[in-house]
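Asks: What follows is the residue order along each chain.
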Amino acid sequence: AQTVTQSQPEMSVQEAETVTLSCTYDTSESDYYLFWYKQPPSRQMILVIRQEAYKQQNATENRFSVNFQKAAKSFSLKISDSQLGDAAMYFCAYRSVRGGNEKLTFGTGTRLTIIP
Amino acid sequence: EAEVAQSPRYKITEKSQAVAFWCDPISGHATLYWYRQILGQGPELLVQFQDESVVDDSQLPKDRFSAERLKGVDSTLKIQPAELGDSAMYLCASSLDFGTGGSNEQFFGPGTRLTVL
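Chains A and B, in that order, are what the protein sequence lines are.
Reading the first sequence from the start, the letters are residues 1 to 116 in my numbering.
Reading the second sequence from the start, the letters are residues 1 to 117 in my numbering.
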């Protein structure tokens, strides 16, 4: 079974600065998807960024980028130019590419606080 | 913008009572998921539907939980009887396709926060 570990329960960053959230995972599969989801207080979870394991190039979405290290099974999220609206719980998630096994396996989350 | 709808947003009940949660996925989404998120943890899948059929309910406590999606559109999750340990956020999500192996993004609803007293 796959597992996802987020070792940072809480992080804080000064507004406009850069912060990196860590995630490691364990799997025996060679191909899979990795995701970062954002869950603002009292609002629904939204997808921030995704990475296909077969792609060596790290995914980027505006101020959000990942550092995907397949051999180390590491998948960190970098947020540049942090904004107050980035304050939320961030979850790292794993999904198999095997058709029919669509479920997401989540880590325990990291609470990100933005300091004005 | 289309969203996943859930109701109620909050539910307080006493143990041994029955509770039900409703989810309306994004129109046209074939796959529907119910996740449970205990405070301080990440969501865990309870049940997954493809249209009206259950694809995965291996983590659903079937002695007290049931889920249905009769017409392959909206879905109901029921707990009877509720226990103290059922206090959690219940999240519904939907995705467009099934079994394609693609990234198939899951869109989440706002959740129902259940408190069992």
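These aren't lab readings, by the way, just hints derived from the structure by calculation.
For each residue, glycine too, the CB sits at the ideal point set by N, CA and C.
Mixed in with the good hints, there may be bad ones.
What the hints assert, rightly or not - Here are the computed distance ranges between Cβ atoms for each label pair: (1) D26(A) to T76(B): 46 to 52 angstroms; (2) E83(B) to E17(A): 21 to 27 angstroms; (3) D26(A) to Y10(B): 34 to 40 angstroms; (4) D81(A) to S53(B): 20 to 26 angstroms; (5) Q57(A) to P81(B): 47 to 53 angstroms; (6) L96(B) to D26(A): 25 to 31 angstroms; (7) V73(B) to L47(A): 19 to 25 angstroms; (8) P81(B) to A16(A): 50 to 56 angstroms; (9) S12(A) to P81(B): 38 to 44 angstroms; (10) S28(A) to S53(B): 24 to 30 angstroms.
Asks: Any hints this thing doesn't respect? Which numbers, in order?
Replies: Failing hints, ascending: 1, 2 and 4.
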